[in-house]
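Novice: For reference, the chains in residue letters:
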Amino acid sequence: MTTREENQTVNITASTDSSEKRFTVVAVLEQMPLVALVVLCLVTAILSDRFLSPVNLTNIMLQASVMAIVAMGMTYVIISGGFDLSVGSIVALSGCVSAWVMLETNVPFGVISGITVGGAVGYLNGYIVSRLKVNPFIATLGMMVIVRGIVLLITDGRPIYGEDGLPEIFLELGSGRFLGIHYLIWVPVILFIIFSWLLHMTAYGRRLFATGGNREAAFLAGIQVKRVVTSAYVWCGILGGVAGVMLASRLQSGQPTAGEFYELTSIAAVVLGGAALHGGVGKLYKSMIGVFIMMVLANSLNLLNVHSYWQRVAVGLVIIAAAAADQIKSRRN
Amino acid sequence: MALNEELLTVRDMSKRFYGTQALDEVSLNLAAGEVHTLVGENGAGKSTLIRILGGIHEMDSGEIAIDGRPSEFTNPREALNAGIVIIPQEMQLVLDATVAENVMLGNMPSKKWLGFIPVLDRRRMREQAGEALSKLNYHGSLDIPVSRLTFAERQLVVIAKALLHEAKIFILDEPTASLEQREAERLFEIVHALKAQQVGIIYISHRLDEIVELSDKCTTLRDGKVVDVSTRGHIEKENIIRLMTGRDLAELHQPHKLEFGETLIEHESELTLRRGEVLGLAGLLGSGTTKYLRHLFGAGEEAAAINLSGDEVQLKNPIAAIQHGIGMVPGERRNALIYDLSVRDNIVLPHLSDVSNGWRLNLKQIDKLVADLMEALDIRPRDPKKLVRVLSGGNQQKVIFARWLIGDFKVLLLDEPTHGIDVGAKARIHRLMKEFTARGGGVLFASSEMIEVVNMSDNIIAMRQGEIVARMSRESGEYNEGYLREALGG
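Line by line, the protein sequences give chains A and B. 0 is the number of the first residue of the first sequence in numbering that gives the first Met the number 0; add one for each residue after it. 0 is the number of the first residue of the second sequence in numbering that gives the first Met the number 0; add one for each residue after it.
Just so you know, the hints here were simulated from the structure itself, not pulled from any lab data. Warning: the hint list may mix true and false statements.
As the list claims (entries may be wrong) - Each pair of labels, with its calculated beta carbon distance range:
#1 Y122/A - G465/B: 36 to 42 Å
#2 N479/B - W196/A: 57 to 63 Å
#3 N134/A - E448/B: 35 to 41 Å
#4 I116/B - G315/A: 37 to 43 Å
#5 K224/B - L56/A: 57 to 63 Å
Said to hold, decoys possible - Lysine-lysine pairs mimicking DSS-like chemistry, simulated, CA-CA at most 25 Å apart:
#6 K384/B - K367/B
#7 K134/B - K111/B
#8 K225/A - K290/B
#9 K315/B - K385/B
#10 K385/B - K282/A
#11 K236/B - K224/B
#12 K363/B - K385/B
#13 K225/A - K216/B
#14 K216/B - K194/B
#15 K132/A - K290/B
#16 K282/A - K384/B
#17 K315/B - K132/A
#18 K363/B - K282/A
#19 K409/B - K290/B
#20 K384/B - K409/B
#21 K385/B - K224/B
#22 K367/B - K409/B
Don't be surprised by glycine CBs; every beta carbon is placed ideally from N, CA and C.
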C-alpha cells in the first residue's frame, strides 16, 4: 500500500515536470528564430574576429536593408494566404524605371514613378489572384517572367545611368548618412515601424490575418476579402518598388538584372521567421529576424571562406530545418 | 483475479494541458460485450480521454491495462495494434475506392500469378469484405465507390475494416450526430451485433435517449473528473443532466410568448419574420436550408432581394446584410471562426470599423466589450487572448454568437446552432435566442433536429429539396413533431 502511494507521488511529480518541460520547449521553439540568430552571431564572432568589426556589421546592415523591405511586403502577402514570386522582377523594374524617369525629369519624380510602378504590378498580381482566382504560385510566376521581360525590353538589357551618371543628390541617398547611420538603413527602420503598426495595431491588419486564416469565415464576417487580398499584393509591390529604388541608388544605376532570387530569399526569411505558408500567421519583427539570419549566415560563410557553392547548400538546409522546426512546434501545440 | 476479466482498465488517468486539468485521476472499466457510455459537457474531458486511448495524446500519469496487461501508447498505430479503434465523427476513408477495397485496406489478400508474381486476389478480397459486412447487416454493393454511400453506411465500412483487424475495443465518438432517426436505429443494431461478438464499446453521445437505451454502464465526467458511474437500470436522463451541468433541466427550458411586433424581413412572400419571433426552418441534411440562409445573408450566388422593415433592399454580400442589422451563425464552426486568431479578435471581427479611431483599433473599448460578452455568455476559459482553436465546441459556438450581440442587430440567421454541442451549452444557446427575441429581434433558425425545432419555434417552415413543403404555427392548427416528420418524409 505504501509503495503504491509512493509510486503515485512519483508519478504526479513526473507529470508536472514533463508538462512544464513541454511548455518550455514550445516557448523556446516560439523564439527559435531569435535563438538561432544569437547562436549564429556568437559562433561566427568566436570563429572570426572580423565579424564584429564596425565595417563588417555595417556591411551586413546594408545588405539586409534592401532585403528587409522586400520581406516586409512578402510577410503581408504570406499572411494573406498567398505569396509573390514576382517581387524580384519588381525590384529590377522599379530601379530601372526610376533611373530612366529621373534622367528625363527630376529625382523626386523618378523615385515616385519607380515606387508607383511597383505598386501597379502588385495591383495586377492582386487582381489576378483575388478576382480571376488564379493560384498565387502560377499568377506571380507568370508575372515574374513578364516583368523581367519588360525590364529587358525597355533597357535593352543594359544598365541605365545616362551619360554623366545618375543625379548627384540621388547617389547621396545610397551613400550618405544621418546621425552616422546610412540613409539606406534608416529607410527600413522607419518602414518597419509603419508596417508593424499597420499589421498589428489596426483594423486593416486584423482583416488581413482573418482573410489569410480562413477566407470563408472572413467573408461571412463581412470582410471584403478580395480587396484585402489585393491590398497585400499592392503593399508587396510598393515595398518592392522602394527596395528597387534604394538598390538603384546603391548601385548608382538601374540594373535590369537586379533583384534576382530576392523572391526566394525573402520567402525563406519570412518562413524562417515563423509565418505559416497557409496564411493567417506571422509577425513582422520575426520576418526581420529571418532576414538577419539569412544575411548573417551568408556573411559568416564568407568570412569563414566557405566556397560559394557550399554556401547555397547551407542556406537550403537552414530553410528546410526551419520549416521542420515549425512543424514540430505546431504538433506540440 | 477479477482484473483479468476486464477488457480495458483505466486507472487514475491524469492529463494537463497548459494550466488546465483536462483529466483528473479518471478511472474506467470496460468488459467484453459491454457498452460503456461516456457523457459530459463539452470540455469535461471526454475527448481527451479517448484521444489518450487512441494514442493521439500521452497521459501524464495513470495506467491503462488491456486484458489485464499494462499498456501505453505513444502513437495511434500502437493503439490500433492493441485492438483499440476510434470511429470518429468524420472518418478517413478512401472515397474513390470501392467498398470492398476500403474494408480490406491494409489487409489485402494476394495470390501468385504465374506461380511467382504477387498480385491482388480480387475474388478473395470481395469474399472477405462481403463476409465482414454481412455480419453487420450490410447487403449493398461491394463494388461501388464509398463516396456513393450514405454517412451511416460509411460507418459500417469503417467498423467492418476494424473487425478484420481484430479490434477488441471500439470507441464510437458521437456516431449518431449526423444521422437521421432511421439510420441511427440501424446503428444501434450494429452496436448490438458488436456486443454479441464480445467486443467492448465505449460510446460517446450528447443524445441522452440513446445513452439510456444503450448503456450497460454510464460514466459521467465533469471538469475532468468522474462524478458518477451508473449501471443499466439506474440511468436516468434528469439525473445525468444534473450531474453533467450541476443544474436542473427545468432551469434549462424557456417559456413561450406569442406576441410579435412589426415585420422585420420579408422575402418573396415566402417568409416573414417579425419582431420577437423565432421562426424555425426544419429540414434534414441536404434539404436546402443552409443554402436558403446563406442566400438571405447575401452569401449565395445571387443577391438576395428582401423587404427590410418596409424598404426593398438588395443584399449583394454579407457586408450589406451586416450593415442592415442581419447576422449569421453558419452551420459549421470552421466556416465561421478564424482558428489562428484570439477569442477577442474573432468576436469583434465584423465590427472592426466600429471599434477603431480612424485606422487605429481602440483596444480599451474592445477589451471592455469582449470581457462583458465573455462574462454574459460564460465563455470558458475566461481569457480573451486564448486562440479560439483551443476552446471546446460549445464555447466556440458562443464566440460566434457573441459577434452578433455587439451593436444593433435585428435579425439572426442561425444554421444548426446547436449541432454537436452538449446539453448545457445547447440550453445556453437556446436562452440566447429567446433573449434576443425578447429584446425585439427576430431569429430564423434551421435545424435537422425535429424536437428542437418544435420546442424552440413560434412558427415553422418545413423544407425539402430546396422547396417549402409545409408551414406550422404554434398559434393555430397542428403543431407537433409527428406532423413535421410527415411533411419532411423523414
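Novice: Give a verdict on every hint.
Specialist: How the hints compare with the structure:
1. Y122/A - G465/B: 36 to 42 Å: holds (40 Å)
2. N479/B - W196/A: 57 to 63 Å: About 59 Å separates the Cβ atoms of N479/B and W196/A, which means 57 to 63 Å holds.
3. N134/A - E448/B: 35 to 41 Å: holds (40 Å)
4. I116/B - G315/A: 37 to 43 Å: holds (41 Å)
5. K224/B - L56/A: 57 to 63 Å: holds (58 Å)
6. K384/B - K367/B: holds (13 Å)
7. K134/B - K111/B: violated (29 Å)
8. K225/A - K290/B: holds (22 Å)
9. K315/B - K385/B: Since the Cα atoms of K315/B and K385/B sit roughly 34 Å apart, the hinted pair is violated (cutoff 25 Å).
10. K385/B - K282/A: Answer holds: K385/B to K282/A is near 17 Å, not above 25 Å.
11. K236/B - K224/B: At roughly 19 Å apart (the allowed maximum being 25 Å), K224/B and K236/B satisfy the hint.
12. K363/B - K385/B: holds (17 Å)
13. K225/A - K216/B: Not OK: K225/A and K216/B at ~53 Å, beyond 25 Å, violated.
14. K216/B - K194/B: holds (13 Å)
15. K132/A - K290/B: holds (23 Å)
16. K282/A - K384/B: holds (16 Å)
17. K315/B - K132/A: Roughly 19 Å separates the two Cα atoms, so the pair holds.
18. K363/B - K282/A: At roughly 22 Å apart (the allowed maximum being 25 Å), K282/A and K363/B satisfy the hint.
19. K409/B - K290/B: Since the Cα atoms of K409/B and K290/B sit roughly 21 Å apart, the hinted pair holds (cutoff 25 Å).
20. K384/B - K409/B: violated (29 Å)
21. K385/B - K224/B: Given pair K385/B, K224/B holds - Cα atoms ~23 Å apart, limit 25 Å.
22. K367/B - K409/B: Holds - the C-alpha atoms of K409/B and K367/B are around 23 Å apart, at most 25 Å.
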